[in-house]
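Could you slot chains B and C onto chain A? The hints should help.
Residue numbers (our numbering), protein chains in the order written: chain A, 3 to 136; chain B, 293 to 710; chain C, 9 to 107.
If you are wondering where the hints come from, they were derived from the structure by calculation, not from laboratory data.
Hints may be right or wrong, so weigh each one.
[Said to hold, decoys possible] In silico DSS-like links for lysine-lysine, alpha-carbon gap of 30 Å or less:
no., chain 1, residue 1, chain 2, residue 2
1, B, Lys528, A, Lys102
2, B, Lys460, B, Lys429
3, B, Lys311, C, Lys20
4, B, Lys503, C, Lys86
5, A, Lys128, B, Lys498
6, B, Lys311, C, Lys86
7, B, Lys311, C, Lys98
8, A, Lys86, A, Lys128
9, B, Lys429, A, Lys111
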Amino acid sequence: MPEKYNLHIVIAEDDIDDADVITETFTNNPNFSKVSLVANGEELLNYLKNDSNENPDVILTDINMPIIDGIEALQEIFSNDELKNIPCFVYSTSINPSYKEKCDDMGVKAYLIKPYSFEAFAEIPKTILSIIEA
Amino acid sequence: MKENKKNIAALLAEIESLKEELYESNSIINAIKQGDVDALVVSSNGVPELYSLETADYTYRLLIEKFGQGALSISRKGLILYCNEHFSKLVGISSEKITGTYIYEYFTNQTQFISLIEALRYGITKHEILLKSENEKKTFPAYIALTDLEPAVEAIGVVITDLTEKKKHEEALIRHQKELEEKINELNKINRNLEEFIHVISHDLKEPLRKIVMNTSRIDGSYFKEADTKAVNVMKLSALRLNSLVDDLVQYSSHTAQEERTEIDLRTIISEVIEDFEIIISDKKAIIKTGKVPTIKASRVQMRQLFSNLISNAIKYSKTDTTPIIEISQEENLDTEIPNQNAKFVKVQIKDNGIGMEESHLLKIFIIFQRLHARNEYSGNGIGLAICKKIMENHSGNITVESTLNKGTIFNLYFPIL
Amino acid sequence: MEDSSDGTSTTKHKFLLFVSGMSVKSGHAIENIRKICDTYLTNNYDLEIVDISRDKEQAVIHQIVAIPTLIKTHPEPKRIILGDLSDKEKVLYILNISE
Numbered sequence: 003m004p005e006k007y008n009l010h011i012v013i014a015e016d017d018i019d020d021a022d023v024i025t026e027t028f029t030n031n032p033n034f035s036k037v038s039l040v041a042n043g044e045e046l047l048n049y050l051k052n053d054s055n056e057n058p059d060v061i062l063t064d065i066n067m068p069i070i071d072g073i074e075a076l077q078e079i080f081s082n083d084e085l086k087n088i089p090c091f092v093y094s095t096s097i098n099p100s101y102k103e104k105c106d107d108m109g110v111k112a113y114l115i116k117p118y119s120f121e122a123f124a125e126i127p128k129t130i131l132s133i134i135e136a
Numbered sequence: 293m294k295e296n297k298k299n300i301a302a303l304l305a306e307i308e309s310l311k312e313e314l315y316e317s318n319s320i321i322n323a324i325k326q327g328d329v330d331a332l333v334v335s336s337n338g339v340p341e342l343y344s345l346e347t348a349d350y351t352y353r354l355l356i357e358k359f360g361q362g363a364l365s366i367s368r369k370g371l372i373l374y375c376n377e378h379f380s381k382l383v384g385i386s387s388e389k390i391t392g393t394y395i396y397e398y399f400t401n402q403t404q405f406i407s408l409i410e411a412l413r414y415g416i417t418k419h420e421i422l423l424k425s426e427n428e429k430k431t432f433p434a435y436i437a438l439t440d441l442e443p444a445v446e447a448i449g450v451v452i453t454d455l456t457e458k459k460k461h462e463e464a465l466i467r468h469q470k471e472l473e474e475k476i477n478e479l480n481k482i483n484r485n486l487e488e489f490i491h492v493i494s495h496d497l498k499e500p501l502r503k504i505v506m507n508t509s510r511i512d513g514s515y516f517k518e519a520d521t522k523a524v525n526v527m528k529l530s531a532l533r534l535n536s537l538v539d540d541l542v543q544y545s546s547h548t549a550q551e552e553r554t555e556i557d558l559r560t561i562i563s564e565v566i567e568d569f570e571i572i573i574s575d576k577k578a579i580i581k582t583g584k585v586p587t588i589k590a591s592r593v594q595m596r597q598l599f600s601n602l603i604s605n606a607i608k609y610s611k612t613d614t615t616p617i618i619e620i621s622q623e624e625n626l627d628t629e630i631p632n633q634n635a636k637f638v639k640v641q642i643k644d645n646g647i648g649m650e651e652s653h654l655l656k657i658f659i660i661f662q663r664l665h666a667r668n669e670y671s672g673n674g675i676g677l678a679i680c681k682k683i684m685e686n687h688s689g690n691i692t693v694e695s696t697l698n699k700g701t702i703f704n705l706y707f708p709i710l
Numbered sequence: 009m010e011d012s013s014d015g016t017s018t019t020k021h022k023f024l025l026f027v028s029g030m031s032v033k034s035g036h037a038i039e040n041i042r043k044i045c046d047t048y049l050t051n052n053y054d055l056e057i058v059d060i061s062r063d064k065e066q067a068v069i070h071q072i073v074a075i076p077t078l079i080k081t082h083p084e085p086k087r088i089i090l091g092d093l094s095d096k097e098k099v100l101y102i103l104n105i106s107e
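For reference, chain A alone in the conformation it holds in the complex (with noise of 0.2 Å):
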């Protein structure tokens, strides 16, 4: 596989067994070269307002999370200067109209399902870089 890009992505999930999953796929994948993960939304604009943390290239975050869900903390993200180009995805087990909505209004990148496989797991970095790269 080639090794084009050494990207820091930063992941929020709050499903323990989910988050094993998400975050063996990017780690497995050689265009990603850091996974950062968080428990929710509160704990992920914490990390991002952390000055001694690095930005990261991309943002992959869950909507239902406690505390602070996925749309909230977008929404602060794309009100902050600092934070707002770097692209956001979500992803989720349903899509839900109004959350699809608010996401594309707010300028996520691409709201993704939640698959039913392993194999489509490993889709979802390739899928990201694609629309990055485009």
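Structure of chains B and C alone, referenced to chain A:
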């Protein structure tokens, strides 16, 4: 001699004829003398005039006196020359005290009288007005109708209709309408809440299902016995089915709130659905013929769903050895089919030449989750037609079915013409 | 001369009843002539009712003197009866209708 005989005969004939004329004239005079008539026709200047005797007018006068409206005869200046019993009752004053007074004394706004008389000149004879009363009510709304009796008679005829009851009904109607609107708003709110609820629940249900499916696929079955492999397979399929059920339920519940209604050309909807099913249509070599179809006011999303379900059913339940032919068209002339319906409907038929259904099954198919075939024969959860029924009900219409086993099925959609 | 080629029977009774608006006797006359016609001449009569308060010309044409007036125009001879036609025997006699 002969001449004499002729003369006598002629004279006799003349006498006969005169006798008849006399008889006729006498009977006329006698009839008048005996009072058998109640009107005389007398010529004045060549124009016959009717002179009524006492009783002739009686019916008219009785009518005016007794009917359930107030009636008055007034001069141009408003002086009351006559008023009937009902008017007297309406204003709560005896008729003797009313005659000779001015009609505008009974108006709450006396100046209205002038405008009424003015309007008469332009042919406007009916108005709504407020009248005063000595009764408990003090004032009452009324309809006043004026008839100019000139030049025959120098007076104006007035009819007063009490509108109190009518106004009460109007107010009750408005109140009920408000109540209805409130109820509708409430219902819409409940529906919206329900929809949100369903979405949230479905999400939470699908999460674990997804994990089951994912992880059962991951199990390394290379060391399994046949029974184990079968067991894992059943688990996976069950989870998938549960997942699809949840999707269907979400869909079923989702068409409750009032979605936007626009003018929809059904032809467009049908061609969009055909496009969606391109693959399966070419797989089964199905032919879909769209005839004349109406444009109706409906929710685009729901119409899409409706035709998608019906067309996919028609394709799914087709015979294996015959080319599936599906015809969709509108039927004219509905009056004979739905007698006693106040609304008019337009009927759209979806006809197929598929496997058909038994008569006893026809009633069941619109029930949610009711399936007619074993699960392994035909896919589906049995919710598609229940959704169709719901959609038609949402649009104040109806869906019915006719079918012959092994011949085919016809679904009839009735859309009200608004 | 009897001409039966046009199909109309010359023995069909034809009446003209002249009334006026809502006069009491007018009402009775209408009722009574209908009764007599329906009983003795079922469907074999023509009854035209003229309200001369609306159609004064007819009064002149037929030289009406008083109301109500019934004129039997067919079959001949012409007969006239004034009044409300409540004396059935008399009416039948004058109109030459057998019971």
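Each hint tested on the structure:
1. Note on Lys528 of chain B and Lys102 of chain A: the hinted pairing holds, with a Cα-Cα distance of about 29 Å set against a maximum of 30 Å.
2. Distance hint between Lys460 of chain B and Lys429 of chain B is fulfilled; the C-alpha atoms sit about 13 Å from each other, no more than 30 Å.
3. Of the pairs offered as hints, the one joining Lys311 of chain B and Lys20 of chain C holds, with about 27 Å between alpha carbons and a cut-off of 30 Å not exceeded.
4. Distance check on the hinted pair: Lys503 of chain B and Lys86 of chain C sit about 109 Å apart at the alpha-carbon level, beyond 30 Å; violated.
5. Under the criterion of a C-alpha separation no larger than 30 Å, the hint pairing Lys128 of chain A with Lys498 of chain B is consistent with the structure, at around 25 Å.
6. A hinted pair counts as satisfied when its Cα atoms are at most 30 Å apart, and Lys311 of chain B with Lys86 of chain C qualifies at roughly 15 Å.
7. Our distance criterion of 30 Å between C-alpha atoms is met by Lys311 of chain B and Lys98 of chain C, whose separation comes to about 19 Å.
8. For a cut-off of 30 Å, the pair hint linking Lys86 of chain A to Lys128 of chain A stands: about 22 Å separates their Cα positions.
9. For the hint pairing Lys429 of chain B with Lys111 of chain A, the CA-to-CA distance comes to about 72 Å; that exceeds 30 Å, so the pair is violated.
Comparing the model with each numbered hint stated earlier shows that hints 4, 9 do not hold.
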